[in-house]
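Colleague: Just so we're aligned, residue 28 is where the sequence shown starts under the working numbering, counting upward by one.
Do not rely on the hints blindly, as some may be mistaken.
What the hints assert, rightly or not - Okay, derived cross-link-like pairs now, SDA-like style, lysine to any residue, Cα gap no bigger than 25 Å in a straight line:
{"no.": "1", "residue 1": "K41", "residue 2": "G145"}
{"no.": "2", "residue 1": "K41", "residue 2": "D54"}
{"no.": "3", "residue 1": "K113", "residue 2": "R161"}
{"no.": "4", "residue 1": "K41", "residue 2": "R67"}
{"no.": "5", "residue 1": "K41", "residue 2": "P302"}
{"no.": "6", "residue 1": "K113", "residue 2": "H315"}
{"no.": "7", "residue 1": "K41", "residue 2": "H77"}
{"no.": "8", "residue 1": "K113", "residue 2": "A131"}
{"no.": "9", "residue 1": "K41", "residue 2": "V184"}
{"no.": "10", "residue 1": "K41", "residue 2": "P306"}
{"no.": "11", "residue 1": "K41", "residue 2": "A345"}
{"no.": "12", "residue 1": "K113", "residue 2": "V58"}
{"no.": "13", "residue 1": "K113", "residue 2": "V184"}
{"no.": "14", "residue 1": "K113", "residue 2": "P44"}
{"no.": "15", "residue 1": "K41", "residue 2": "G322"}
{"no.": "16", "residue 1": "K113", "residue 2": "G158"}
None of these hints come from the bench; they were simulated from the model.
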Amino acid sequence: MAGPVRIGLLGASKIAPGAVIAPALADDGFVVTAVGARDRARAAAYAAQHGIPGVADGYDDLVRRDDVDVVYNALPPSAHLEWSAKALEAGKAVLCEKPFCMGAGEARAMVAAADAAGRPLLEAAHYRFHGVLREAEALLRAGALGRVTSAQAEFHVRIARTPNELRWRRELGGGGLMDLGFYPLHALRTLLGGEPEVVAASAEFEDGVDRTLGAQLRFPGDVPAGIACSMDPESPSAWLRIEGERGALEIVNFVAPQFGCRFVTVIDGEETRRPTEGPTSYAAQLTHLGEVLAGAAAPLTGGADAIANMAAMDAIYAAAGRPG
28 MAGPVRIGLL GASKIAPGAV IAPALADDGF VVTAVGARDR ARAAAYAAQH GIPGVADGYD
88 DLVRRDDVDV VYNALPPSAH LEWSAKALEA GKAVLCEKPF CMGAGEARAM VAAADAAGRP
148 LLEAAHYRFH GVLREAEALL RAGALGRVTS AQAEFHVRIA RTPNELRWRR ELGGGGLMDL
208 GFYPLHALRT LLGGEPEVVA ASAEFEDGVD RTLGAQLRFP GDVPAGIACS MDPESPSAWL
268 RIEGERGALE IVNFVAPQFG CRFVTVIDGE ETRRPTEGPT SYAAQLTHLG EVLAGAAAPL
328 TGGADAIANM AAMDAIYAAA GRPG
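Produce the complete structure using the sequences and hints provided.
Modeller: Below you can see the structure in the form of structure tokens.
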């Protein structure tokens, strides 16, 4: 592709400035060219605030613009299937925010749309692209811990319950597991390299939305594991720990290592504090996107991975007795 990759923002979202706009400004390989929202005036104000040259006349106009190569879909999860598919049909690559969609059935439809269009569709699981997660994955693939014997991960952070907060609105794709629990679930699936069986799950629901949730899982090789998340915790936390016959691996703040992270391994009795610096998770995400578009890398997210992650979420919700 000649010139920088041109990104169009689907939605005047709160997440795009940190997730896409700032890293694109720092990377000559990308430029944000347009934004589209339900209300053109809102899109225009957002564009002016963030120095975006193009303002689309709604979502449909944004996905069809000639000055857009990649659509960043930061709409609520309930709109991910419809607008990711329309962007793909318009010949655009898509970087779709997590969670991928509303369930495994929608995920399969999205992946089918990408296959039919022959365009990349990645899930914006930004933590996945950071050097910390990549090194942890490499250590496990190399057998550094020996046979894995257990795994735990959690992410707790307070999300205020307000009328406009989509994470507290079931119909938009809200819920603790959908937003926060995505990270521990996806991280354990990635690091353990397999799909879990849901042994048990429990949650506290408010108006159909899981405020807190915990699940006991079993991964291939008879590995017990657990995940937990809360949108109303006593204190925030984000960590994972994997134990094996030769030692253990622990990462504190695996979700966004750029904001402070502790990555420690104990292997054969030797403790090592591993480096955590490097590009931010969002900068690494754009780098990976560029590599995929250039044909230099296979997508680390989306495709079968996204379908499997949504299927695991569906199974956890079923075990937890999610209403309706």
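Colleague: Now tell me, hint by hint, if it's right for this structure.
Modeller: Quick rundown of the hints versus the structure:
1. The straight-line distance between the Cα atoms of K41 and G145 is roughly 30 Å, outside the 25 Å bound, and the hint therefore fails.
2. Of the supplied pair hints, the one linking K41 and D54 holds, its CA atoms being roughly 21 Å apart against a limit of 25 Å.
3. The straight-line distance between the Cα atoms of K113 and R161 is roughly 32 Å, outside the 25 Å bound, and the hint therefore fails.
4. Under the criterion of a C-alpha separation no larger than 25 Å, the hint pairing K41 with R67 is consistent with the structure, at around 17 Å.
5. Distance check on the hinted pair: K41 and P302 sit about 30 Å apart at the alpha-carbon level, beyond 25 Å; violated.
6. For the suggested pair K113 and H315, the alpha carbons sit about 23 Å apart, so the restraint of at most 25 Å is met.
7. At roughly 12 Å between alpha-carbon atoms, K41 and H77 fall within 25 Å of each other, so this suggested pair holds.
8. For the suggested pair K113 and A131, the alpha carbons sit about 19 Å apart, so the restraint of at most 25 Å is met.
9. At roughly 17 Å between alpha-carbon atoms, K41 and V184 fall within 25 Å of each other, so this suggested pair holds.
10. Distance restraint check for K41 and P306: the Cα-Cα separation of roughly 21 Å lies within the 25 Å cut-off, and the hinted pair is therefore satisfied.
11. Taking the CA atoms of K41 and A345, the gap is near 31 Å; set against the 25 Å cutoff, the hint is violated.
12. Annotation: proposed proximity of K113 to V58 holds, straight-line Cα distance about 22 Å (limit 25 Å).
13. Proposed proximity of K113 and V184 is contradicted: the alpha carbons are some 33 Å apart, above 25 Å.
14. For the hint linking K113 to P44, the alpha-carbon distance of about 23 Å falls within 25 Å, and the restraint holds.
15. Between the alpha carbons of K41 and G322 the distance comes to roughly 30 Å, so the proposed pair goes past 25 Å and is violated.
16. Distance hint between K113 and G158 is unfulfilled; the C-alpha atoms sit about 33 Å from each other, more than 25 Å.
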